[in-house]
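*Asks:* If you count the sequence shown from 1, position 1 lands on 2 in the working numbering, and the numbers rise without skipping.
Some clues are possibly wrong.
[Said to hold, decoys possible] Restricting the straight-line Cα-Cα distance to at most 25 Å, the calculated cross-link-like pairs of lysine-lysine (DSS-like) are: (1) 103 with 125; (2) 137 with 105; (3) 19 with 97; (4) 105 with 122; (5) 88 with 19; (6) 89 with 142; (7) 106 with 137; (8) 19 with 105; (9) 131 with 19.
[Unchecked claim] Computed spacing ranges between beta-carbons, pair by pair: (10) 112 with 47: 54 to 64 Å; (11) 27 with 79: 21 to 31 Å; (12) 32 with 148: 30 to 40 Å; (13) 123 with 49: 42 to 52 Å; (14) 130 with 56: 32 to 42 Å; (15) 145 with 108: 15 to 25 Å; (16) 108 with 47: 46 to 56 Å; (17) 27 with 87: 23 to 33 Å; (18) 96 with 64: 27 to 37 Å; (19) 108 with 19: 19 to 29 Å; (20) 74 with 53: 33 to 43 Å; (21) 96 with 35: 53 to 63 Å.
Source of the hints: derived by calculation from the structure; they are not laboratory data. C-beta atoms are modelled at their ideal positions from N, C-alpha and C, and glycine is treated no differently.
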Amino acid sequence: MKNIMELPDKYPVYFERKPYHMLLILIIVLISGYITYYSFRAYTVYHIYSAFVCALSTIYLSWLYFNPFSEIHPEHFEINYGLFSHKKFSYRDIQKLEYDDKQKKILLIFNDHESTAISIKTLKHQEREKYVEMIKLHIYKDLLERDE
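Modelling step: build the complete structure from the supplied sequences, incorporating the hints.
*Replies:* Encoded structure:
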């Protein structure tokens, strides 16, 4: 049986799946692929534009599916805010962590002045609890190491 304060050997990666957004992009991919196919057969110039839209939409769809929402590492955790914006949070800098289940947000307080609210509503309910507990565990472990 594992100790409560024991950290896992392998850290989970949490993905943010937006099914309706992904479905819309998939429809765009299919429509532009259809236009590409039939405009290429009819020798029109539209196949260039629709092939470009199809390729970009496919790349964006694969990014939406495979890009993780958050990664937890032993020394920090990382949140993905958008296409090119990842933010790292060090456990040492966090003074307080508050979790609001109704709003589905984590509030991180740094140095009593700065605070950051992270929305985790796209994670499943059980994943949300594990996610918050794992971050809390890292914060407490870091505090214990500093006290020693």
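*Asks:* All hints, please: hold or fail.
*Replies:* Verification of the hints:
1. 103 with 125: The given pair, whose Cα atoms are some 13 Å apart, holds under the 25 Å limit.
2. 137 with 105: Holds, because 16 Å separates the two Cα atoms, which is no more than 25 Å.
3. 19 with 97: 29 Å, violated
4. 105 with 122: 5 Å, holds
5. 88 with 19: 20 Å, holds
6. 89 with 142: 18 Å, holds
7. 106 with 137: Holds, because 14 Å separates the two Cα atoms, which is no more than 25 Å.
8. 19 with 105: 16 Å, holds
9. 131 with 19: 20 Å, holds
10. 112 with 47: 54 to 64 Å: 57 Å, holds
11. 27 with 79: 21 to 31 Å: Because 27 Å falls inside the window, the suggested range holds.
12. 32 with 148: 30 to 40 Å: Cβ of residue 32 to Cβ of residue 148: about 60 Å, so the range 30 to 40 Å is violated.
13. 123 with 49: 42 to 52 Å: 36 Å, violated
14. 130 with 56: 32 to 42 Å: Holds, since residue 130 and residue 56 (Cβ atoms, about 39 Å apart) stay within the stated range.
15. 145 with 108: 15 to 25 Å: 22 Å, holds
16. 108 with 47: 46 to 56 Å: Once the Cβ atoms are compared, 50 Å apart, the range 46 to 56 Å for residue 47 and residue 108 holds.
17. 27 with 87: 23 to 33 Å: 25 Å, holds
18. 96 with 64: 27 to 37 Å: Check passed, 34 Å falls within 27 to 37 Å.
19. 108 with 19: 19 to 29 Å: At 23 Å between Cβs, range holds.
20. 74 with 53: 33 to 43 Å: At roughly 37 Å between Cβ atoms, residue 53 and residue 74 fall inside 33 to 43 Å, so the hint holds.
21. 96 with 35: 53 to 63 Å: Taking Cβ atoms as reference, residue 96 and residue 35 lie about 54 Å apart, which means the hint holds.
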